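*Asks:* Chain residues, written in single-letter form:
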Amino acid sequence: MKNSNNNREKIIHLMQTDDSIDAPSDAIKWSKNLFRARAAQPAQGILQRIIGVLVQELAPGKAAFGERSGSVGKVRQMLFEAGDNRVDLRVSKNHESFDVRGQILGRGWENAVVELAGQKSNVDKFGGFAVKDVKSGTYEVSIRGGQIEIVLKGIELE
Amino acid sequence: MPDTERKLGPFSAAPLGKDDAVLVGLCRKGDESAWSDLVDRYQRLVFAIPRRAGLSEAQAADVLQEVFLTLFEKLDEIERPEKIRSWLVTTAKFKTWGTVRRDKGLYSPETEEEMEFEMANLKDDSPLAEDALVLLEEQHMIRTALKKLSEKCQKILRMIYLTEPAASYAEVADAIGVGATSISPLRSRCLKKLERVLVAV
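As you go down the protein sequences, you meet chains A and B in turn.
Heads up: the first sequence begins at 110 in this note's numbering, then just goes up one per residue.
Heads up: the second sequence begins at 2 in this note's numbering, then just goes up one per residue.
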């Protein structure tokens with residue numbers, strides 16, 4: 110009985126003196142994303158490749174479908190669907206080359222590797238990525254997060 | 002990395018250790034939600050170690066990330082998954098000590114053995130000394146055990162012991178919808194349940 114009382118007193122004391130706090134949410138998110146973004150390099154050959162489907166495109170100088178306004182930007186914007194994910198891709202001309210920025214909308218893509226025209230970039234914690242100074246041509250964009258790879262084909266930069 | 006088990010007063014790590022072993026097993030099978038649960042369960046404990054040692058929030062966050070990265074990479078090599086808590090604490094301690102030493106521009110031990118020797122000879126009042134870590138582990142176990150109680154018990158104990166100022170019995174009774182005279186026996190019962198989760202019988 111006395112032992113039990115001591116235990117309970119100790120439990121109460123420990124509860125009341127516990128001043129620990131949660132780690133920053135981005136560090137927790139990063140740690141959780143490890144599983145998908147890095148783990149997933151077990152046996153080769155089980156990589157899941159998802160081909161993105163273009164579902165919407167806004168080209169510079171062209172109003173979006175259903176819009177009457179001519180207020181269009183200088184950035185070409187494409188939206189792809191790839192399984193449970195969506196990829197928003199924006200292409201802007203930069204002198205003689207192109208800058209490609211994008212954002213992947215989906216879970217667990219932080220630290221994933223984006224490859225375009227031989228250049229590599231990492232997806233940041235908000236799902237964003239950028240590849241700069243790409244010469245004109247037709248390219249494939251690959252976004253690889255562990256066992257899953259999203260491929261966007263036929264991206265014309267001209 | 003050694004997974005030295007610390008003696009945790011009257012508490013038994015066994016019941017919670019079983020849960021950990023299940024989570025580690027699921028992670029090994031590729032269960033992403035088990036990994037997420039493991040991170041949620043231990044992030045506070047791992048983060049507290051570098052913070053207690055005086056590292057900044059950003060440095061402590063780096064330590065946390067390194068610890069989970071190491072865990073992830075060694076997931077299949079950990080021989081006693083039920084002792085994952087001790088493994089995480091020891092790893093966080095090592096990585097914190099490495100950061101402290103780098104900050105001070107001191108020589109950093111190159112081998113695990115050298116590091117272990119240094120860690121074993123820390124002063125008793127060091128925030129990384131065994132007693133300080135035992136306290137953090139015990140508090141972690143209580144947080145984890147508390148989550149295993151019914152919502153009603155959690156609410157009663159949190160309101161009475163974890164709010165500042167502590168809620169009155171009348172306030173607790175109002176919050177859970179019972180008469181004020183029921184609170185004292187309910188509080189006792191909830192404490193007993195918490196103790197049963199924590200103490201081996």
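Honestly, the hints are just simulated from the structure, not real lab data.
Since we're looking at a predicted model, the values are computed, not measured.
Please note that a few of the clues may not be correct.
[Unchecked claim] DSBU-like cross-link-like pairs, simulated, lysine-lysine; straight-line CA separation at most 35 Å: (1) B:K194 <-> A:K119; (2) B:K84 <-> B:K156; (3) A:K183 <-> B:K149; (4) A:K138 <-> B:K148; (5) B:K84 <-> A:K244; (6) B:K30 <-> A:K119; (7) A:K234 <-> B:K193; (8) A:K202 <-> B:K193; (9) B:K193 <-> B:K148.
[Stated by the list, open to error] Far from chain B, by Cβ distances over 12 Å, these chain A residues were calculated: (10) M124; (11) S140; (12) F144.
A virtual CB, placed ideally from N, CA and C, is assigned to each residue, including glycine.
*Asks:* Which hint numbers doesn't this structure obey?
*Replies:* Violated: hints 3, 5, 6, 7, 8, 10, 11 and 12.
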